[in-house]
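A.B. asks: Chains as they are written, first to last, in the numbering used here: chain A, 4 to 511; chain B, 18 to 181.
No lab work stands behind these hints, which were simulated from the structure alone.
Be aware that a few hints might be false.
What the hints assert, rightly or not - Simulated pairs of lysine-lysine, DSSO-like, Cα-Cα distance not exceeding 27 Å:
1) A:K221 to B:K34
2) A:K145 to A:K160
3) B:K141 to A:K268
4) A:K145 to A:K165
5) A:K216 to B:K34
6) B:K106 to B:K141
7) A:K92 to A:K5
8) A:K5 to A:K145
9) A:K5 to A:K91
Given next are the chains, with one letter for each unit.
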Amino acid sequence: MKSYLLPEFKIDREEERCIRCRVCERQCAFETQRYDGELERMFSDAEKCVGCQRCVIFCPANALSVSSNQFAYRLNYGWTRERISDLKKQAETGGIILAGCGNDKPYRIYFDHIVLNASQVTNPSIDPLREPMELRTFLGQKLDSLALELEPGSEFKDVEIKMELPPTVMIETPIVFSAMSYGAISYQAFKSLAIAASGYGTLFNTGEGGLPKDLRAKYWKNAIVQCASGRFGVDAEYFNCSTAVEIKIGQGAKPGIGGHLPAEKVSYSIAETRMIPEGSDAISPAPQHDIYSIEDLSTLIYALKEVTNYEKLVSVKIAAVHNSAAIASGMVRAGADIIALDGLRGGTGAAPKIVRDNVGIPIELAIASVDQRLREEGIRNRSSIIAAGGIRCSADVIKAIALGADAVYIGTAALVAMGCTLCQKCYTGRCSWGICTQDPYLAKRINPDIAARRLMNLLRGWSLEMKEMLGGMGINAIESLRGNRDHLRGVGLQEWELDVLGVKGAGE
Amino acid sequence: MGVEGVFRGIMRRIYCKEEVCIGCRLCEVWCRIEHSKSKKVLKAFLYEKERAIQRVQVEERGAVSFALQCRHCEEPDCVYSCISGALYKGNEVVMHDTSRCVGCWSCVLACPYGVIAMDEVRGKAWKCDFCEGVGREEPICVEKCPNEALRLALVLEVEHAESE
Ligand code: SF4
Ligand code: SF4
Ligand code: SF4
Ligand code: SF4
């Protein structure tokens with residue numbers, strides 16, 4: 004069938020700058036650029052271009068630019084270019100339209116409508132360069148009460164804790180790499196996250212694809228290992244090679260939807276890690292088939308605690324949906340040490356675009372309502388909250404924490420630090436940047452040494468900025484900001500939004 | 018068992034980490050630019066009459082690729098084979114004086130790594146000079162490799178004696 008799709012991008016090559024080195028041709032994973040030996044010049048097939056900008060960055064002569072082919076159709080606010088293209092695509096394929104990355108629609112980003120406070124005159128701000136500033140965060144259950152034994156007359160010198168303490172995990176900064184499985188991303192990208200997490204003193208999350216054997220000895224201390232509906236790579240050893248185990252119920256990019264790693268991506272090593280036959284489809288069912296209630300969830304949580312000898316935290320991750328607050332309350336009561344909430348803008352390697360763009364609620368509202376509910380019920384201390392889905396900068400982290408999160412998960416931001424340009428073609432497995440691919444030719448493009456350095460720089464940069472913001476507010480520990488919504492004010496929000504967020508409007 | 022021998026010095030060598038060489042061939046591009054008259058990318062490729070020759074070659078098959086340049090051998094077969102004295106062993110580097118090169122390709126045949134380029138137009142051989150010929154401290158290919166596949170390493174050069 005003749006395709007009626009217009010090229011999404013426009014490729015401009017300055018002929019008088021092009022040195023015909025063919026670097027762009029080799030870098031493009033989509034075979035867009037092509038050298039004609041006869042004419043000794045380069046040509047581009049713009050219709051294949053996904054706008055990943057790999058060729059532009061690598062061209063040694065700065066001869067290329069790739070831009071959006073925006074004005075191809077007559078401007079129409081209802082029937083946008085995207086709507087028209089999707090219609091044509093579907094008319095040609097009759098299938099579900101897939102997409103990678105997160106929701107890119109202009110839903111309100113509440114972080115951009117919340118401003119922070121700063122100390123002026125009546126309370127002093129703190130200079131983080133001169134005074135200690137604490138970002139360390141402890142994940143896990145905080146006890147209701149502590150039983151101490153005191154030697155009478157010893158004046159508090161001989162105090163002994165008279166109970167067993169639940170496990171907690173300390174991270175140097177309240178930023179954790181979110182679940183990205185080996186399979187969804189390349190081994191190199193996966194390893195980079197592990198190296199960076201251990202180098203900085205935070206955690207990475209294996210996603211549902213297991214933890215490769217050769218990474219276990221070195222990185223288990225920094226691993227959150229996932230137990231998802233497909234149960235890939237799951238056994239007692241895997242659960243114990245971790246600092247926390249995460250039960251994945253849902254994902255912000257595709258709430259209620261399962262996963263599918265196509266057979267061609269299941270290489271020998273992925274098959275080994277996932278414990279499935281090589282070259283077979285890795286299908287994660289939409290629900291966990293043994294969890295239909297909070298009681299079932301509790302059974303799995305305690306099964307996992309049992310198998311890890313009550314030494315690891317158990318996290319439960321859900322997509323932020325309409326009744327997250329009530330579900331979260333159930334999760335806490337079921338025994339979860341961590342509640343991971345993944346919002347509307349959370350990323351994915353592949354999801355039906357229609358689901359990605361229309362299901363779930365913004366993370367800011369979910370954090371606020373869950374935190375509020377757990378406080379009201381007096382159980383907030385029993386679980387930590389990790390917020391995910393659309394954390395783009397250090398200010399988002401600060402605002403998420405002030406709204407009530409203990410820490411945040413970053414996925415997309417971490418990938419962007421490694422090279423990702425959000426071209427949304429993860430599902431093709433042809434990532435020109437070597438991140439979302441299993442093709443050895445492309446995967447090599449991530450050098451874990453470089454990528455880990457970039458990730459650690461990101462963590463460091465954000466952490467420094469967070470200290471500056473905390474200092475400005477006159478706070479010297481991130482602990483004191485948690486759920487401290489008094490430091491937030493809304494700008495341009497309606498009454499109900501301010502209500503849900505639990506913040507006052509600016510000027511109030 | 019050990020290696021015994023006479024210490025010759027500490028040598029700099031370029032190594033390519035094949036597992037992260039992505040076959041982009043930017044090393045080739047930059048080597049050529051650096052050895053051009055202008056050292057400017059556009060001039061070197063598009064305008065200079067004397068076309069500069071790259072001295073590094075990327076070997077590639079499927080997903081495996083690596084950049085290979087002169088190994089600056091301790092016992093350089095190319096130097097021994099050169100009939101005109103154009104090739105000689107410098108301080109730690111095997112150098113080539115193109116003005117003396119007669120284009121007999123003896124060195125090309127002798128080099129076990131196949132890293133000497135034949136310039137049939139000018140009838141000259143060209144090889145990696147560790148960028149010393151262009152007055153650089155660090156080789157440009159190492160500096161410009163976008164994936165840090167090329168690394169400069171220091172190696173102990175030892176004249177071997179038989180040992181147990
Ligand atoms: S797909 Fe990426 S690498 Fe290929 S032409 Fe487009 S921007 Fe360049
Ligand atoms: S990378 Fe740049 S200079 Fe090289 S062929 Fe492509 S457009 Fe031309
Ligand atoms: S520049 Fe580096 S990555 Fe590119 S081909 Fe040369 S050695 Fe390989
Ligand atoms: S060291 Fe210099 S001369 Fe040798 S290959 Fe690298 S860039 Fe070329």
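A.B. asks: Regarding the pair K145 of chain A and K160 of chain A, is the alpha-carbon distance no greater than 27 Å?
C.D. replies: Holds. K145 of chain A to K160 of chain A sits at ~24 Å (cutoff 27 Å).
A.B. asks: Take a quick look at whether K145 of chain A and K165 of chain A sit within 27 Å of each other, Cα to Cα.
C.D. replies: holds (16 Å)
A.B. asks: Take a quick look at whether K141 of chain B and K268 of chain A sit within 27 Å of each other, Cα to Cα.
C.D. replies: Violated, at roughly 48 Å.
A.B. asks: Below or equal to 27 Å on CA atoms is what counts here, so check K221 of chain A against K34 of chain B.
C.D. replies: holds (22 Å)
A.B. asks: For a C-alpha distance cap of 27 Å, please report whether K5 of chain A and K145 of chain A respect it.
C.D. replies: The given pair, whose Cα atoms are some 62 Å apart, is violated under the 27 Å limit.
A.B. asks: Run the distance test for K92 of chain A versus K5 of chain A: straight-line Cα separation, threshold 27 Å.
C.D. replies: Distance ~11 Å between K92 of chain A and K5 of chain A Cα, so the pair holds.
A.B. asks: Sort out whether K34 of chain B lies within 27 Å of K216 of chain A, counting only the CA atoms.
C.D. replies: Holds - the C-alpha atoms of K34 of chain B and K216 of chain A are around 23 Å apart, at most 27 Å.
A.B. asks: Within a Cα-Cα threshold of 27 Å, do K5 of chain A and K91 of chain A meet the stated pairing?
C.D. replies: Measuring from Cα to Cα gives roughly 11 Å; hence the hint holds.
A.B. asks: Does the structure keep K106 of chain B and K141 of chain B at a Cα separation of 27 Å or less?
C.D. replies: Holds: K106 of chain B and K141 of chain B sit about 18 Å apart, inside 27 Å.
Of the numbered hints listed earlier, those contradicted by the structure are 3, 8.
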